[in-house]
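Q: Okay, here's what each chain looks like letter by letter:
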Amino acid sequence: MTTPLLSVRDLVIKFPTRHGPLTAVDGVSFDLAAGEVLGVVGESGAGKSLTGSAIIGLLDPPGHIASGEIYLKGERIDNLRAEDMRAIRGRRIGMVFQDPLTSLNPLYTIADQLIETIRTHLRLSEREARKRAIGLLDDVGIPAASRRIDDYPHQFSGGMRQRVVIALALAAEPELVIADEPTTALDVSVQAQIIDVLKEQCTQHGASVILITHDMGVIAETADRVAVMYSGRIAEIGPVREIIQNAKHPYTSGLMGSIPTLAQEEDRLVQIPGAMPRLSDIPPGCPFNPRCDKVFDKCRVHRPSLIPVENREVACWLYEDAEAKGAAL
Amino acid sequence: MLAYVIRRVFQSIFVLLMVGLVAFSMFRFVGDPVENLLGQERTQADIERVRDQLGLNDPFPVQYVKFLGNALQGNLGVSYRQGRPVSEIIAERAPATLELAGVSALFAVVFGVGLGVFTAIRRDGFVANFIMTTSLIGVSLPTFLIGILLIYVFAVELGWLPSFGRGETVKIGGWSTGFLTESGLKAIILPAITLGLYQMTLIMRLVRSEMLEVLRTDYIKFARARGLSTRAINFGHALKNTLVPVITVTGLQIGSIIAFAIITETVFQWPGVGLLFINAIQFVDIPVMAAYLMLISVMFVLINLIVDLLYFVIDPRLSADASSRGH
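Top line first, the protein sequences correspond to chains A and B.
In terms of the working numbering, the first sequence opens at residue 1 and continues consecutively.
In terms of the working numbering, the second sequence opens at residue 1 and continues consecutively.
Rather than coming from a laboratory, the hints here were simulated on the basis of the structure.
There may be inaccurate statements among the hints.
Here are the simulated lysine-lysine pairs, DSSO-like style, with alpha carbons at most 30 Å apart [to be verified]:
1. K171(B) to K131(A)
2. K240(B) to K221(B)
3. K221(B) to K199(A)
4. K73(A) to K221(B)
5. K221(B) to K131(A)
6. K14(A) to K240(B)
7. K199(A) to K131(A)
According to the in silico footprint, chain A covers these stretches of chain B (three or more CB under 8 Å from chain A) [stated by the list, open to error]:
8. 232-241
9. 307-317
Partial list, derived from the structure: chain A residues whose beta carbon lies under 10 Å from chain B [claimed, not checked]:
10. S103
11. L104
12. S157
13. G158
Owing to the predicted nature of the structure, the values given are computational and were not obtained by experimental measurement.
In this text, a Cβ means the ideal position worked out from N, Cα and C, and glycines have one as well.
Start from the sequences, fold in the hints, and give me the full structure.
A: Structural data, given as structure tokens:
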């Protein structure tokens with residue numbers, strides 16, 4: 001097997017507090033192949049964004065990587081010196097944030113920000129960088145890019161600004177783009193366009209994507225694989241079609257049940273009872289056990305790790321036998 | 001943009017007129033200049049004659065209008081004490097105050113912004129915390145005390161710098177400057193620090209808190225995610241955004257540097273307009289006081305106007321709003 005583009009191994013992120021450290025991300029592992037789109041879903045506080053920030057080395061202090069490793073093309077990047085990591089950010093890993101209205105510096109023109117980013121990473125003259133910048137804006141669908149490039153961010157609409165942000169993230173041809181809730185702050189009508197632009201541009205530039213969102217619909221349309229996160233852990237990870245059609249983990253099936261579909265007959269959506277536990281009181285064993293309708297004794301005591309089932313991995317004791325069977329075969 | 005400037009200029013003129021009116025109404029409580037003008041041997045008839053000559057028998061609005069009318073023609077009246085035109089006296093004294101204020105303002109802005117940025121970037125560093133703690137002293141000590149302390153340390157104990165006066169000055173045209181002689185340069189150090197210290201600490205604390213705020217914003221995080229250098233982020237992206245609110249306060253502070261020069265000039269016997277004003281009060285020299293107050297308010301208003309216009313230079317969002325409203 002070839003080296004995956006990105007490999008996250010047993011990532012643990014902790015926050016020191018007065019009452020001892022809180023573990024916000026606990027033992028997350030996954031691989032991402034070149035050109036692949038991985039969706040990461042979960043409720044607020046499940047650790048999706050923290051995982052994304054950790055990969056690009058921008059965890060807000062006092063949060064920090066307590067243990068685990070992150071590899072980019074086999075090269076470890078989580079323990080690099082600040083200056084070396086800076087050279088990777090933008091150049092090899094790009095990032096798109098949630099709110100395009102606040103992601104751009106209001107006092108600089110789009111041209112200033114694009115050219116600055118391009119020239120930080122690529123050896124280009126001012127003129128060449130500007131040409132490239134106009135090309136990037138054209139690609140992400142900004143009309144009359146050569147004229148609008150000298151406008152300030154406030155002269156663009158939210159959707160247009162997110163296109164600019166995508167152009168900025170792709171300015172130096174990164175191999176990986178982390179998109180953290182890229183459409184959440186946008187009007188529903190432009191969300192689909194932005195996702196299209198993001199996917200099309202990343203495909204065109206050959207970049208892999210980690211798409212962090214709580215919108216299962218976006219994942220279904222965009223991602224190749226999906227990782228479902230719960231309480232700082234991956235509950236289930238696998239090909240997006242399979243997981244949508246046949247969720248294995250009880251949390252995932254609850255999540256799928258809560259999505260309205262046109263075919264649905266009942267007028268009430270299925271809800272998972274209760275709420276995700278606070279970081280300070282995650283129960284022992286499986287974090288989902290108090291809300292799970294298939295819970296049994298083992299779940300309350302032992303924490304399940306990811307168990308390979310068919311094409312995917314599920315962190316649920318229900319599939320322990322499947323693994324045993326698989327091993328026996 | 002032009003409409004905005006014109007509106008602002010009209011507002012400024014209105015403010016000036018109001019300041020003048022208030023100032024003039026207060027002069028009536030400072031004392032009677034006639035007492036000082038005439039000696040012990042005065043008669044009631046003398047007093048009445050002088051009061052009439054000086055126009056002091058008119059109600060104060062009439063005096064004010066007369067003063068304004070003359071001032072608009074460049075005639076600020078004649079000092080009661082010195083018997084010379086006020087404009088001449090002020091022109092003689094103004095360079096000293098302006099040089100002092102200029103050096104203090106430069107000191108306050110350069111060190112205020114510099115230390116503010118430093119303490120914001122090295123938020124948890126030992127040096128930054130030390131600066132923040134000592135800056136509290138700068139904010140809480142009164143100006144005259146700082147002046148006296150500086151004189152005690154650097155003039156009396158160490159003997160490095162002069163304790164009063166302006167040193168030797170060189171006349172260039174009508175402007176007497178202390179910048180060209182060694183004694184002049186030495187003499188300006190202590191008063192400039194005294195005058196600018198409070199403003200410096202204020203600017204520093206403001207820059208620090210604004211900068212910390214800006215460093216938390218999404219566009220700074222996004223700039224980091226794009227891999228820009230720390231230098232470009234701190235000084236290109238963060239500092240420029242920090243300066244927008246800082247400019248207002250700094251502008252006002254520079255105004256008050258000129259106004260508060262009175263205290264520093266008194267402590268250091270600096271021969272500027274502030275000292276002139278203090279002496280004028282003792283003598284109830286109304287033309288000098290009136291001219292001084294008008295001059296200070298003109299400067300305040302002018303600085304504010306410049307500050308408002310600077311916004312347009314720094315923040316593109318304002319000019320866009322203004323132009324779209326103009327269409």
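Q: Run every hint past the structure and note whether it holds.
A: For each hint, the structure was consulted:
1. K171(B) to K131(A): Violated, at roughly 56 Å.
2. K240(B) to K221(B): 16 Å, holds
3. K221(B) to K199(A): This hinted pair holds, its Cα atoms lying about 23 Å apart.
4. K73(A) to K221(B): Holds: K73(A) and K221(B) sit about 25 Å apart, inside 30 Å.
5. K221(B) to K131(A): 26 Å, holds
6. K14(A) to K240(B): The given pair, whose Cα atoms are some 34 Å apart, is violated under the 30 Å limit.
7. K199(A) to K131(A): 23 Å, holds
8. 232-241: holds (count 5)
9. 307-317: holds (count 4)
10. S103: 4 Å, holds
11. L104: The hint holds - L104(A) has a Cβ within 10 Å of chain B, the shortest such distance being about 6 Å.
12. S157: 14 Å, violated
13. G158: 13 Å, violated
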